[in-house]
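Engineer: Listed in order, the protein sequences are those of chains S and F. With the numbering used here, the residue at position 110 of the first sequence is 110, and numbering never jumps. With the numbering used here, the residue at position 37 of the second sequence is 153, and numbering never jumps.
Hints are not guaranteed to be accurate.
What the hints assert, rightly or not - Okay, the calculated beta carbon distance ranges per label pair: (1) F/A194 x S/D27: 31 to 39 angstroms; (2) S/F39 x F/E169: 26 to 34 angstroms; (3) S/R112 x F/R176: 25 to 33 angstroms; (4) S/V3 x F/E171: 28 to 36 angstroms; (5) F/S184 x S/K14: 50 to 58 angstroms.
As the list claims (entries may be wrong) - In silico lysine to aspartate or glutamate, EDC-like type, Cα no more than 20 angstroms apart, as pairs: (6) S/K64 x S/D88; (7) F/K186 x F/E121; (8) S/K41 x F/D123; (9) F/K142 x S/E59; (10) F/K213 x S/E52.
No lab work stands behind these hints: they were computed from the structure. Quick reminder that beta carbons are idealized off the backbone N, C-alpha and C, glycines included.
These are the residues of each chain, in order.
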Amino acid sequence: GAVVSQHPSWVICKSGTSVKIECRSLDFQATTMFWYRQFPKQSLMLMATSNEGSKATYEQGVEKDKFLINHASLTLSTLTVTSAHPEDSSFYICSATSLAVGGTQYFGPGTRLLVL
Amino acid sequence: SQQGEEDPQALSIQEGENATMNCSYKTSINNLQWYRQNSGRGLVHLILIRSNEREKHSGRLRVTLDTSKKSSSLLITASRAADTASYFCATDADTGKLIFGQGTTLQVKP
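Could you put the whole structure together from the sequences, leaning on the hints where they help?
Structural biologist: This is the structure in structure tokens:
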């Protein structure tokens, strides 16, 4: 299957700082990338849909000014958590897809964020 | 919003036994997918079943779909300790977005 990577795999930061998470499709061009958040022992919640070259579409309740998403190329999307607070601590997972991979979403390994 | 409900929430079995997980959803779908997640890791795609399919097999996995009941089941036969993980169903209503169920945590004891 197609491979999606995320960097970093984990990050610890102080409250008030911003953190950038990268999502890369390694062996295919992803026209669409999705960002999810997962709290401990819970399911994945879709945060936003990112299409290359256009603004991200955010799900209801997700603050677009707090979670900045950039999908500048067909292989890279970034999620920046601005002015992070302890309640933003979570597991962030991206997925990537395109018609070239049959529309299947391939998931990255996730990034664990801990805000102190 | 979450639309999938899965049961049981947790399942503990002995190695060699079969494990069955169920998923229900609320709206019309284009397809339904099952994913596995090992603790603290990303998701691994297991199988996709389209709305016009009723059953699909992949190795030790068997998935059924009943669109009239808006439900699906995942059967893992001859379970192994390595099958220990959380399993999620996810529905696609042809928007490209996946809506995940709450998940079933499976523990397979050696």
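Engineer: Now tell me, hint by hint, if it's right for this structure.
Structural biologist: Tested hints:
In this structure, F/A194 and S/D27 meet the distance hint of 31 to 39 angstroms, their C-beta atoms being roughly 32 angstroms apart. For the pair S/F39 and F/E169, the beta carbons lie near 33 angstroms from each other, so the given range of 26 to 34 angstroms is met. For S/R112 paired with F/R176, a C-beta distance near 30 angstroms keeps the hint of 25 to 33 angstroms intact. Under the hint 28 to 36 angstroms, the C-beta atoms of S/V3 and F/E171, about 30 angstroms apart, fit the expected range.
Roughly 53 angstroms separates the CB atoms of F/S184 and S/K14, a value that falls within the hinted 50 to 58 angstroms. For the given pair, S/K64 sits about 14 angstroms from S/D88 by alpha-carbon distance, which is consistent with the 20 angstroms threshold. Only pairs whose Cα atoms come within 20 angstroms are accepted, and F/K186 paired with F/E121 is accepted, the gap being roughly 11 angstroms. Taken as a hint, the S/K41 and F/D123 pair is honoured in the structure, with Cα atoms around 15 angstroms apart against an allowance of 20 angstroms.
For a cut-off of 20 angstroms, the pair hint linking F/K142 to S/E59 stands: about 19 angstroms separates their Cα positions. The suggested pairing of F/K213 with S/E52 holds, with an alpha-carbon distance near 16 angstroms, which does not exceed 20 angstroms.
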